Amino acid sequence: MKERVYIIDYDVLSPIGLNRDDLRENLYNNVKGESKVSNFETDGIPFKIAAEIKKDLKFLYRNEEQFIKDVCISDRKFELTIALANLVESRFKNIIGDCNPNRRGVVMGVGSDVIMFEQFEKEITSTVKDTTYQFNDLIMNLSSRIENMGLMNPYDIHAIYISEMFDLRAFQKSTLSACTSSTQAISIAFDSIRNGKADIVFAGGTDSIINTMALISFGKLGVIPESGPHDEKTCKPFDIGRKGTLAGESAGIAILASETFIKKSKIKPLAEIVSIGNTLDGYKITAPDPSGDSMEVAISTALKNGKVLPGEIDYINAHGTGTKQNDGVELAVINRVFGDYGKEVPISSTKDRHGHAIAAAGIQELAVLLTGMKNDFIPSNMNLVNPIDDSFNLVRENSRKKIKYALSNNFAFGGVNTVFILKNIE
Amino acid sequence: MKKKDVFISAVNYQLPKRFEEILLFSPNKQKIIVGGLDVDKKNKYYPARSDEKIMRTDVIASIISISNLLEKLELTEEDKLDMSLFVANSIFIEESNKNMKRAFSVLNRIKEFGTVEQKLATIYKNVPPLLALETLTNATMSFISQYTGIKGNNTTFGSTSHSGFDALEEAFLQIENNQTEKALVGGSNCSGIYSFLTYQNFYKNTDGWKESACSSFLVLGDSGDVKITKIDHNFIKLSIKGLRKNRMWGDFFRDKSPEFIVYSGGFIQDDFVQNEKEVKSICNDFFSWEREYGNLGSASLFMGIAHGYNLIKSGRNKTVDILNRDVYGRESHIRIEKVIR
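Top line first, the protein sequences correspond to chains A and B. The first sequence: position 417 = 417 (this note's numbering), numbered continuously. The second sequence: position 46 = 46 (this note's numbering), numbered continuously.
Keep in mind the hints are simulated off the structure, nothing from the lab. Predicted, not measured: the structure shown is a model, and the values here were computed from it. Keep in mind that the hints are not guaranteed to be accurate.
Stated by the list, open to error - Covered, in the sense of this in silico footprint (three residues per stretch, anywhere, with C-beta under 8 Å from a C-beta of chain B), are these stretches of chain A: (1) 154-165; (2) 407-421.
Stated by the list, open to error - So these bits of chain B aren't anywhere near chain A, every CB distance computed over 10 Å: (3) 33; (4) 114; (5) 224; (6) 245; (7) 248; (8) 281.
The C-beta atom is built at its ideal place from N, Cα and C for all residues, glycine as well.
Only chain A is shown next, with the shape it has when bound in the complex (with noise of 0.2 Å):
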């Protein structure tokens, strides 16, 4: 018999939320994360609209040793994971209590490298001349000067750091999978405990596209749009009007706990996760596969190995990026996976309010579920005006309803289609 996996505590840094109490209020007051960069210059360049962490969030890790605090100024990611880790430490520490640690994990999802050119511009413009290793010299030098770190680290200094944190021995994973890196980090944890070699797993995953470079490279791909000069809605998840995605960052994590573990602990879980459907288009690196058939086979799956039926889900948290390639081929699947239901059952993307946090995308919007789920309360399109279909139940006002079912979407460059399914326990 396999475990079943529950969520026994969750929480997020995210541009609409310091912590998950955070959130469920901006969520309930329509607060919106997007404005305008602030934390360096966009003079220049045509992408200037951002959902940003505004706060500083050094008061977070204030009593982190000072290596830590060097890697966290040219590693945004990095902070926004030292800050999270340290936001829930104590909660999360007394949560596991004294579970065996060789049988607690972690899984983190990691977006890409960047070179933060806007901090070390005038190191690299003074140091570098036309020889190729002057250019790789000068990054030694930079990163000579943090003790134990470099500017460049491996991936999994996030999964690693939060396992020495919290003395996960079991396993320490780091899933890079662009935008479904967070939601095949719950996939891989929920499949670890599932299959006994966990009864603890941390899942998450931490991200940051608003940089210089990552602003240049999404914008020029077309999935984040040029800027006008008085945009305030850059993201429209299925509008007619769409014209890409809001650039984001998050970090977040959820403790998976299997039934023995939370039976044991007498802890009660908030929801139980049912089950994940995965897979990839095989379609083409550049673009999704506008047939969608994978994406279904993926919906499909998880709800066949949920044993729940489509007219079962109370809520579907849409990938919906806002980007003409998205999110037409996502209300079809809907359609197909779902028939006449596909367009009773609600469905909102929260991408408008939080922006797309790439490789945390997925456990931002867990975040929002859960957050929907624990409330009966399902946040709207906040600006949703004339939609692809409006024969879809695309929900235009903030809503209560019990959420009992619900299903996550989440789509990655590359073709990867990674979903799951959340029962609330009431």
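Place chain B on chain A using the hints.
Showing chain B alone in chain A's frame:
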């Protein structure tokens, strides 16, 4: 449901034939040796030009190597639809003269400009439109799917050599627990300056660094004549501060003495010497790719398994134990055995 046994159906890999010595000027005039892959542009599985321009060499090598592997197994399109794919990857930027020259040229130009607007406008103009895809962390996995038609359960793991163990364990557990019948699993390692800059943090001011690009993949299934009989790792408290000096490979052999060991995990000459010394204290019959190729990163474990698989298939050995250790001190152990019918 009863757990299934897990077998290796086939292996394929590509190793470098050329090595480059790179002298860094600072801080200590370190010399590093990097092995680079050559790919046959005339191979029938060589990718399309539109994809090639955003592919690293190790990704191209993987596509060719895997396509040959799957062709030998004569898998149907339907088999591949449900097949799982787990990939271990490490560095996602390939150093090439073209890329570096482009970057230097832009950086040199912006020195002349006084305003932020001029500088950023120049960078914006010169950033290649597909840069985000060139550095995509799941590019290897997605291209494999695109070129082979594998569409099943999947993940890309990173980034030290232990990511190979994570990928293998996931594939193993899925077959063992009846979640899939077949899985393609392996590692694609992009070596070079960026890899050195990442991992040198663990080896500051040391000499003799050597690493090679490599692609190595296995097909796992629920039948075959080489079986994975053990998949294990150590349980230690890790530290973000870096290299742990634990040497506990011997602990994996409390139940059974090894017949033959293949090991990996070193980056520098001192590692290679110490690893060999450690393995000698466990078993007299052993092999490592690291003397010749240095570290093979996320492909290390799979190259060890591939060597062991070939030894068993040739009849030289009945059992081979494969060991790996990463820069954080995470140790793993795989045992493969000939199936006696």
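Evaluation of the provided hints:
1. Only residues whose C-beta sits within less than 8 Å of a C-beta in chain B count toward coverage, and the stretch 154-165 of chain A has 8 of them, enough to reach three; the restraint holds.
2. Check on the stretch 407-421 of chain A: 5 of its residues sit with their Cβ under 8 Å from a Cβ of chain B, so the three-residue criterion for coverage holds.
3. The beta carbon of residue 33 of chain B sits about 14 Å from the closest Cβ of chain A, which is more than 10 Å, so the claim that it is off the interface holds.
4. Consistency note on residue 114 of chain B: stated as away from chain A, and its beta-carbon is indeed over 10 Å from all of that chain's, at 12 Å minimum.
5. The beta carbon of residue 224 of chain B sits about 21 Å from the closest Cβ of chain A, which is more than 10 Å, so the claim that it is off the interface holds.
6. At roughly 15 Å from the closest C-beta of chain A, the C-beta of residue 245 of chain B stays outside 10 Å, upholding its exclusion from the interface.
7. A cut-off of 10 Å between C-beta atoms confirms that residue 248 of chain B is not in contact with chain A; the least separation is 14 Å.
8. Separation of residue 281 of chain B from chain A is adequate, the least Cβ-Cβ distance of about 25 Å exceeding the 10 Å criterion.
Against the hints set out earlier in the document, no violation occurs for any number.
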